[in-house]
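Asks: Sequence:
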Amino acid sequence: MNQERVRIKMSAVADSVRPYRGVSADQRRALRRTQLLEACLDVVAEAGVAGVTAEAVCARAGLSKRYFYESFADRETVLVAALDAFFDAARAAVTPALSGPAATTGERLTRTVAALVRAVSADQRAARLYVESSRDPALEQRRNAAYDEFAELILGYALEVEPTDPRARVVALLIVSGTTEVMARWLAGDLDLDEAALVRTIAGIGLASAESLKRA
1 MNQERVRIKM
11 SAVADSVRPY
21 RGVSADQRRA
31 LRRTQLLEAC
41 LDVVAEAGVA
51 GVTAEAVCAR
61 AGLSKRYFYE
71 SFADRETVLV
81 AALDAFFDAA
91 RAAVTPALSG
101 PAATTGERLT
111 RTVAALVRAV
121 SADQRAARLY
131 VESSRDPALE
141 QRRNAAYDEF
151 AELILGYALE
161 VEPTDPRARV
171 VALLIVSGTT
181 EVMARWLAGD
191 LDLDEAALVR
201 TIAGIGLASA
211 ESLKRA
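full-length UniProt numbering puts the first residue of the sequence shown at 1, with every later residue one more than the last.
FYI, nobody ran anything at the bench for these hints, they're computed from the structure.
Any given hint could turn out to be false.
[Claimed, not checked] Pairwise CB distance ranges (calculated): (1) Ala-30 <-> Ala-188: 47 to 57 Å; (2) Glu-211 <-> Ala-73: 43 to 53 Å; (3) Ser-24 <-> Arg-200: 20 to 30 Å; (4) Ala-138 <-> Arg-29: 17 to 27 Å; (5) Val-170 <-> Ala-103: 22 to 32 Å; (6) Leu-213 <-> Gln-27: 43 to 53 Å.
All values derive from a computational prediction rather than experimental measurement.
Just so you know, even glycine gets a beta-carbon here, dropped at the ideal spot from N, CA and C.
Throw the hints in and build the complete structure from the sequences for me.
Replies: Next comes the structure, spelled out in structure tokens:
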């Protein structure tokens with residue numbers, strides 16, 4: 001298996017230095033990588049994280065395995081790359097929500113939760129990858145790091161509580177992780193709420209928790 005990967009990769013490297021129809025080798029390689037990432041998400045949508053293999057991704061992308069190993073070492077590598085791309089998109093969606101003015105804690109928290117909900121629901125293939133990330137150690141590590149990052153954003157922007165208070169961190173993590181679990185049920189059709197009602201409910205729970213810290 002290792003010898004096959006070396007042979008495939010050497011062949012891909014040889015092709016990668018030749019221009020084709022005015023498109024540079026780097027551009028073609030980037031395009032193939034994008035095709036493989038999209039194919040990975042398609043496989044996740046159809047068969048879950050467990051169904052992702054190099055063979056399945058290549059078949060979906062219509063590319064040979066040599067091009068898979070040109071960009072990714074194994075199935076775990078392509079899954080991590082797809083999850084990282086999801087988090088990049090989530091950051092891009094949430095950051096503008098954090099920059100605008102909002103008069104109250106409730107407004108700030110609602111804006112943040114709404115951005116998170118939109119980010120998760122924007123691509124249901126990526127949403128399934130995110131929800132199932134706890135089933136793979138490497139993906140879970142990435143997800144936990146993202147939980148911490150988004151919790152810090154909530155502490156720094158939405159909640160008017162002492163950020164060094166461990167109880168405040170619990171509240172922020174509950175908002176992030178709880179939103180993930182609730183979104184999984186909502187996207188599956190298990191919760192009869194529209195998006196606005198979902199956002200209000202999650203934000204209301206988070207606000208009540210934050211207010212309880214101030215009273216304690």
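Asks: Let me make sure I understand: some of the numbered hints might not hold for this structure. Which ones are they, in numerical order?
Replies: Per hint list: 1, 3 violated.
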